[in-house]
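**Student:** With the sequences and hints as input, model every part of the structure.
Chains A and B are the protein sequences, given in the same order. Using my numbering, you'd call the opening residue of the first sequence number 9 and step up by one each time. Using my numbering, you'd call the opening residue of the second sequence number -16 and step up by one each time.
In case anyone wonders, no lab produced these hints; they're calculated from the structure. Hints may be right or wrong, so weigh each one.
Unchecked claim - In the DMTMM-like style, the derived pairs of lysine to aspartate or glutamate whose C-alpha atoms are separated by at most 25 Å in a straight line are:
#1 B/Lys96 with A/Asp218
#2 A/Lys146 with A/Asp218
#3 B/Lys185 with A/Glu53
#4 A/Lys26 with A/Glu39
#5 B/Lys185 with A/Asp300
#6 B/Lys96 with A/Glu212
#7 A/Lys56 with B/Glu160
#8 B/Lys(-8) with A/Asp135
#9 B/Lys96 with A/Asp300
#10 B/Lys185 with A/Asp34
#11 A/Lys109 with A/Glu318
#12 B/Lys185 with A/Asp284
#13 A/Lys30 with A/Glu180
#14 B/Lys(-8) with A/Glu323
#15 A/Lys56 with B/Glu151
#16 A/Lys251 with B/Asp135
#17 A/Lys56 with A/Asp34
#18 B/Lys185 with A/Glu43
#19 B/Lys(-8) with A/Glu318
#20 A/Lys146 with A/Asp117
#21 B/Lys185 with A/Asp161
#22 B/Lys96 with B/Glu160
#23 B/Lys(-8) with A/Asp105
#24 A/Lys251 with A/Glu212
#25 B/Lys96 with B/Asp135
To be verified - Going by beta-carbon spacing under 8 Å, a handful of chain A positions derived as facing chain B:
#26 Tyr83
#27 Trp100
#28 Leu156
#29 Arg160
#30 Glu162
#31 Ile179
#32 Ala181
#33 Ala185
#34 Ala208
#35 Leu215
#36 Thr289
#37 Leu291
#38 Val292
#39 Val426
#40 Ala427
Beta carbons are placed, not taken as given, at the ideal position from N, Cα and C, and that holds for glycine.
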Amino acid sequence: MSGRGSETLRPTPANFAKNATKALADKALQEALSELSGGLAAARERAKAALPGFEALRRSGRDIKDHALANLDLYLEAFERNATAAGAQVHWAAHADDACKIIGKICHDADARIVAKGKSMVSEEIDLAAYLQTSGLKVVETDLGEYLVQLRDELPSHIIAPAIHLSPSAIEATFRARHRHLPADRALASPEALVSEARAVLRETFLAADVGITGANFLVAATGSTVLVTNEGNGDLTQSLPKVHIVIASIEKVVPTLSDAFALLRLLARSATGQDFATYTTLVTGPRRAGDPDGPDVCHIVLLDNGRAELLGGEFRPALRCIRCGACMNVCPVYGAVGGHPYGSVYPGPIGAVFTPVLAGLPAAASLPQASTFCGRCEEVCPVEIPLVRLMRQWREAALAQSEAWRTRGALRIWAFVAQRPRLYHRAARLAVAVLGAFGAKRGALRRLPLAAGWTRHRDVPAPQGHTFQQIWARRQRRGTP
Amino acid sequence: MSRGTILAKVRVALRVDRADQARNEAVAERLADHPIPRRAEKTTDALVGRFTSLLREHGAEVIAVREAADVPAAIVCTLGANDLPLRVRSGTDPYLAALPWQTEAALVVQRGKAQPDDRAGLSRALAGVAETGTLVLASGAHNPVTLGFVPDTHLVVVAAETIVAAYEDALALLAAELGPAVLPRTLNFISGPSRTGDIGGKIVMGAHGPRLLAVILVGSGAA
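**Tutor:** In structure tokens form, the structure reads like this:
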């Protein structure tokens, strides 16, 4: 299986506008998006309506995360203490490459050859599979959506539905191209047949894997447990069958107690897929116990920072409340129009627009906070009330303050200069309206406008009538008509 | 190395001191507050009804039997109805071991963890949660976790008197069984058969785990 070697061919956040244009022209993608994303948002609405007190639950979710973040150092220490007492080994990784090295070494020490991987956004963030594959391991994604994007050497396009951009026929083509050992004339058209085939192929991996790597939705400080949520059961096979289990989780996943985890779990599935509860929620505490007939002999937990600790000190702390449900992208008009790939990040949509600048740096990701209409629907559905619009606006302000933004700053300065001088402003407006009015007199609309190609490529600009409002008003006053 | 760096960064960002007594006490109190929850509320017919109907909505089969002695016959019946061989793999759970298996001579019960070609696994749930129709299973010496994920079919026996309102209530039953503050390697919350929506958004059962989840509910009076 190929790794993520072709990094240069992948969309990057710096090229968001270009990537988005391409996505808008991609018919198959547009079809897939129109069917799926809206379905998840509607399902969330139904689940919300069916649970009395959902709004109160959102507020308590927010408060739990805020309390945990405000005391993160102490809860991380408590988690480490209790996980260690339960027999797990806890590792700390300041950066992506530290985490990769730690996990690489655990695999090496276990003489591992095959690694089964559950779905984990953090592992995507640090590009773990590619790292392990360069060191000679065979790494197989076992979440069906992740397996599909791995076969196609793509990034996931949604944090809970990684292959939401693919149609069943595209998936059939991928399976025929990559599962060459199976008969060429097999029937594969239905989703059921595709799932069956993936199940059979991946079952071999589960049985052969030496190491299982999963993420964690939550870490419970009081018990040292990791919490993993899936619908497929791949996470449980990954953390139960191989001899070695490695959990990779970022530091902001820690919550104080099991009750806190349950409160957030009540929000998670409802916000993500509209299910009341995911099919499988598993608390894992340490490795197998003496006398247990199955389960891994060792359990490692890798705690990753990768830029998060610094966020705690500033205005972006609320972004660390995120429980990765994906609700914000399901309602986002920008995500809905272009899908996840144009963001060039493992975290797309509104939360991606807030979090990607932290990972990739603001200069590289400055266009993502711009990719929003600020309609605010993301904030309305966020289960932990992250002020996504405010945070995107803060990134825009920060981007404007950077030296790269001299053109925008210059243009705004000129506008401010003119706008603060009414006589000059009126004169400029009269001139512009007269010129545009003359050009558009025949059609009443303009096909092209200098500096506004982004607008006129898709629609005409209505032409002004040749006079400004103030001119028309003054004329009427003179005539005495109201 | 990284540990010190990360914790120092967190403390700098939060502008806090490790030694701050008030914070330490507040956190210690919050951590100690974790459930050993109140005793689970008494099971009611309404809870059992909700548990059953939600599980069915999630695609599970629920078979109600009057008493534990009826379980082997219900298993034979379920296996037969689904064209499965009369063979199940089970752990050494005392509740299951005490069932009158001899009444079903044709049924083969094998012990131990799941094997790759097992068709059906049999487990005992320590509780059922009514709020979302969720089974709670603890792994342990007598309950291999793999039985619920490797075979195509998972049969789960749950007693009606263990149906509780909320997840937290199930922890009380766990504490009664394992002792307070003891968690098993895995505590599994299962709300239906395995599923995926990753292909065209269509829900397909049996992604990696069981295609069929059959829950045998003992003593609900509904048999």
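**Student:** Taking each numbered hint in turn, which are not upheld by the structure, reported in ascending numerical order?
**Tutor:** Hints 5, 7, 17, 29, 30, 32, 33, 34, 39, 40 are the ones this structure does not satisfy, whereas the remaining hints hold.
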